[in-house]
Amino acid sequence: MKLKTMRRDWDSRVFDTINITCLSIILIVILVPLWNVVISSFSSSKALAEGGFIFWPSELSLENYRAVFRDNSIGQSFFISIAKTAIGVVTHVLFCAMVAYGLSKNNVRGRKFYVTMGVITMFFSGGMIPTYLLIKSLGLLNSFWVYIIPALLSFYDVIILMNFFRNVPSSLEESAKIDGAGDWRVFLSIFIPLSMPAMATIAMFNGVSQWNDFMTTKLYITNEALYPLQMKLYEIIVQSQTQSMQNIGGSVIIETTTKGVQLATIVITTLPIVVIYPLLQRYFISGMMLGAVKE
Amino acid sequence: MSKASGYISEKPSVGHRIKQFFVDFVRQWEIQSMIWPGVIFMFIFCYIPIYGLTIAFKRYTVIDRIDSAPWVALENFEIILSDKFFWESVVNTLGISFLKLAIGFIVPIILAIMIYEVSLSGFKKFVQTISYLPHFLSWIVLGGMLINWFATTGLFNELLLALGIIDEPRNILLDPDKYWWIATLSDIWKEAGWGTILYLAVMAKIDPTYYEAAKIDGANRLKQIWHITIPNMKLMISLNLILTISGLLGSNLDQTLVLMNSQNREKAEVINSYVYRMGMTQGDFSYATAVGLGVSIVSVILLVSANAVTKRLNDNQSVL
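Just so you know, the protein sequences line up as chains R and X, in that order. Here the first sequence stands for residues 1 to 295, numbered as in this note's numbering. Here the second sequence stands for residues 296 to 615, numbered as in this note's numbering.
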């Protein structure tokens, strides 16, 4: 019996060792490429042209970042990215919360119709071209508001908030109503403060997708003054690719300067995500679980 | 909703019910004023584009209005059948999707089990933190990174040279035959960690006494995984499988747009990017809409049949 237990402990230890080794390899596979990008963005164009490094370039320099900021448009893009994310998140969350609060009341006339109408939008959409034609006829092409208005409502988020509102004890609402508060007052001064955790979760995910979104720009915006960082980066990538394909065997210098600019822009574009990532992490599980709740 | 007027004993007439509806509606104006902006929004931004799908059956040009364009019945769909480039994009979409299904579906399950089995809580947290991170990078950022990793002086070539696997650096993004693998593996690199979250949430609910009982019966760790952990994940696995199968014809437009170049286009063009190219670049709105509509109809059929099959496998319990 004792021998058997020892043997099992041994098995278990072998299992743990293999498991942790494999996970460590996975960590390396994720971290090394990321590190390589970051450190490459800080290397001089000479070191970039020579290549030959993975962890540490032969010469460090800030010239790539200087080159990026010499171009004023990057500051403009940064501003657009921040503006569209901040305004987009606040309006999205408040708009969804308002609709969700209305739909969380069972005695609302026409509720079944409203909910059915919303659920259909979760499964069917007009797709790329009809949506483009709509945006065009609304005059939203080349307007900043195309980032905000079409993104106001997601019925998925409405359902999440609606379920959250339903779990708020009704006694709070009743006592406020006795004091003469209307629905809007109850919503703004009781439900909004109470549902901060749920709204924060939605805000986080919505914020990341606003920051990372590039298709909206690609489809509806041609005015470079309205380009967010993602689109700016895309332009740089496409430009340098066509350049380097023209220059196969040609001048290496152009390729490496654009490469340096590209790397620095990648880091700048990703930095805000990495900075709020620790904050974001608190909402992962709650966010996914909220999403998994069916109506 | 009829319960609201349940205090009326006899069944009220239709006219009375309509009147009651409006009386209630006006009485609830505050609540209704919260919902209606949403209703109007959905009408404009979701239902008008759904109506706009009719241009798939019309010959629509930029100067037309949607309702005045002439009907052409199924003409656009007939063109699809003989469109060589469309079918090329279908082959690429399916090829990449099946690779993603075969590998990308399994990896998060295995990774979740591996993370679940770690008992050092510090290490476990660290692995989770790092493996979720790539999910939050945009495809444009990751595309830019991939282009740099695969460049002739980039990480990938340096690594292979150092290991002696190749003698000459080559940019594999310019090699069409490698594209499907690049698309698949980069997607796995980005999403596998994030894909573990729901599995880990399910596993956290498994009753630990199962494992204790299995230990007493002499089951080793692998046996415990096989007989306890995996059966408990079955429902979540089939839910994910259904969603993956219904998405077989969907493809990642961001990924394709950033990784496609003139050299690998023949293997990189997928249905979504083809719709984009036909519609937005070439301005053939009707044709592009027809392609998109056809593909979404097939996707719905896939979803329904995948649900039916897994329902049978799961003892008639539907996961959707």
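Among the hints, a few may not be true.
Restricting the straight-line Cα-Cα distance to at most 27 Å, the calculated cross-link-like pairs of lysine-lysine (DSSO-like) are [stated by the list, open to error]:
(1) X/Lys-529 to X/Lys-420
(2) X/Lys-510 to R/Lys-105
(3) X/Lys-510 to X/Lys-529
(4) X/Lys-510 to R/Lys-112
(5) X/Lys-420 to X/Lys-518
(6) X/Lys-419 to X/Lys-518
Part of the chain R face toward chain X, derived, beta carbon under 8 Å [unchecked claim]:
(7) Trp-10
(8) Gly-102
(9) Asp-183
(10) Val-208
(11) Leu-233
(12) Tyr-234
In case anyone wonders, no lab produced these hints; they're calculated from the structure. Keep in mind that this is a model prediction, so the values were computed, not measured. Don't be surprised by glycine CBs; every beta carbon is placed ideally from N, CA and C.
Hint-by-hint comparison with the structure:
For the given pair, X/Lys-529 sits about 25 Å from X/Lys-420 by alpha-carbon distance, which is consistent with the 27 Å threshold. Straight-line distance between C-alpha atoms of X/Lys-510 and R/Lys-105 comes to about 50 Å, which puts the hinted pair past the 27 Å bound. For the proposed pair X/Lys-510 and X/Lys-529, the alpha carbon gap of about 22 Å is at most 27 Å, so the pair holds. Taking the CA atoms of X/Lys-510 and R/Lys-112, the gap is about 51 Å. The hint is violated against a cut of 27 Å.
Between the alpha carbons of X/Lys-420 and X/Lys-518 the distance comes to roughly 25 Å, so the proposed pair stays at or under 27 Å and holds. Restraint check for X/Lys-419 and X/Lys-518: the C-alpha separation of about 22 Å stays at or below 27 Å, so the hint holds. Given the 8 Å rule on beta carbons, the hint for R/Trp-10 is violated: about 10 Å separates it from the nearest Cβ of chain X. For R/Gly-102, the shortest C-beta to C-beta distance to chain X is roughly 4 Å, which falls under 8 Å, so the interface hint holds.
Using the Cβ-Cβ criterion of 8 Å, the hint placing R/Asp-183 at the interface with chain X is satisfied: the shortest such distance is roughly 4 Å. Because the smallest distance between the Cβ of R/Val-208 and any Cβ of chain X comes to about 6 Å, under 8 Å, the interface hint for this residue holds. For the restraint placing R/Leu-233 at the interface with chain X, the shortest Cβ-Cβ distance is roughly 5 Å, inside the 8 Å limit, so the hint holds. Using the Cβ-Cβ criterion of 8 Å, the hint placing R/Tyr-234 at the interface with chain X is satisfied: the shortest such distance is roughly 5 Å.
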